[in-house]
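*Asks:* Assemble chain B onto chain A, guided by the hints.
So the sequences go chain by chain: A and B.
For the first sequence, my numbering gives the first residue as 318, with consecutive numbering after it.
For the second sequence, my numbering gives the first residue as 32, with consecutive numbering after it.
In case anyone wonders, no lab produced these hints; they're calculated from the structure.
Using 30 Å as the maximum straight-line C-alpha spacing, the simulated DSSO-like pairs for lysine-lysine come out as follows: (1) B/K176 x A/K326; (2) B/K172 x A/K326; (3) B/K163 x A/K354; (4) A/K326 x A/K336; (5) A/K354 x B/K172; (6) A/K326 x B/K163; (7) B/K196 x B/K99; (8) A/K326 x B/K99; (9) B/K163 x B/K176.
Residues from chain A that keep clear of chain B, each with C-beta distances beyond 10 Å, as calculated: (10) C320; (11) S338; (12) E339; (13) R340; (14) D349; (15) C350; (16) R405; (17) F408; (18) A410; (19) L414; (20) A416; (21) T417; (22) G421.
Note that the structure is a prediction, hence the values are computed from the model and not measured.
Glycine is no exception: its CB is placed at the ideal position from the N, C-alpha and C atoms.
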Amino acid sequence: MSCSRVEGKILAFVDNRLKESERLDVEKHLADCSACKLRVTEFRSVSSLLDELPQIEPSEAFDLRVHARVAAEPAKRSWWAWAAVSPRVAFAAAMLLLATVWIGTQPTERPAIAEQDLPVVENADYDVISSFAPLSDLSQAPDDEDAGDPTNVPATM
Amino acid sequence: MARSDVQLMLDVKAGDEQSFALLLQRYRSPLVNFLYRMVRSREQAEDLAQEVFLRVYRAREEYVPSAKFTTWLFRIATNLALNSVRDNRYQRMEISLDAPVTADAEDGDERTLDVPEKTPNIEQHLVEQARKQMIRHAIDKLPEKQRAAVLLHKYQELDYGEISKILQCSESALKSLLFRAYEALRVELAPLVARQGKLPG
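Next up, chain B with everything else stripped away, as it sits in the complex:
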């Protein structure tokens, strides 16, 4: 039977390096994906995810299982991501407006994953790409706290109690945050939402 996250962390605290490797294996992908959606750069997401694991390791001796491990883990990740998003914003403000426009690194990263080797219909493929880009940009346009709430709720499937602890707000404030985020997404994705609504099922 697989050991729980808390048990693994307690084993790390007791000096078992192998348990840390198991936690790394369990959470590297969810963390990198969450951070990737937050900061929009694969390289930066990986750097931040490494930092999260490093902080977990550093805190092992003081670890007390007072909350779910995922709450603690994603709280570290969210704080790092929010700081990074703010830092990036200041950096962008310093970049000259006439700097050459380059392709979004994120688009390139994902494109490599879902381009079929032999596309039967190139037009259909381009439509799919445009659709995904629209969804990505709708998420990117959300204020960072709303974005974090949507990502934790939708992709990590954490419950409201956990997310509210991660974002340090009340559950009712979180529900309101998520409602506003979904309203913004509904407006931003209106053309796709309308088409989706007409599909059977």
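Just chain A, with the same shape it has in the complex:
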């Protein structure tokens, strides 16, 4: 076995995670290769140094916080599952829907509300009739030459 092939197995060898046949192959290589043997020793040291780091304990409130966040989750159910769980609510919803449809199909005899409520203006100061020019004035239409001049407004009355 070459050094490069052993490299891929060194860590598993250090952790005793190799199959028996692979372990024997690596051991055979190590017997003849001082560089790989040194690396195994050093990797073992690194692994042992990593063991020295202490573990921390989650805070006492950790579980409570998780449970609180879980409790705050909205119930996740499909519409049909929800209806199946609460048949009374489903029945009430169906009745409401039927009532809405029934009311919508009834003929209406009363005038539209908009017409009833429109305010009627009877005493406006605006005299519509007198605002119109007499028909006789229409014969005194401006000449064609003046028609194009917007400043030339014909006098009325």
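*Replies:* Using the frame of chain A, we list chain B on its own:
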């Protein structure tokens, strides 16, 4: 006989809240420790661990036991941790360089755990602290994916198949990742490694 993780998760899926509490009890410490080593902040690690459990709970109805529960759990945790590490990096880039230097929260957290009440030899204690800090910083200096691989391999003792699924790479790529990580640690911890090598056994 204790129920397996998969069985507990299936029970959660069936609506058994107690099984979720058991999973929480089983995995809160491994998750918090893994995330703590990834993000270097106890508070953030706990927040992320809570998020992991919340996502597990949210996914209960779609849960299918196609892989080991731990693979699924640590995949969620690793993804959250990697995103958080990247976010933190961007945040640090935004912090002014002349901001006052504060003590590392992580150092403080661990120190409270392993300071003996009556230290017989204060010098020896300080040496121990410096040694642990050196190991911590060596791990912190690893690129995040290598760090995740080392933590899952060393502290969670997951097998190569599981870790490669968590990190979404092939087993051979994982072995190469771990080899490079251990090489970096060996160089970074050279003074300690040399001393360790001289110890008997």
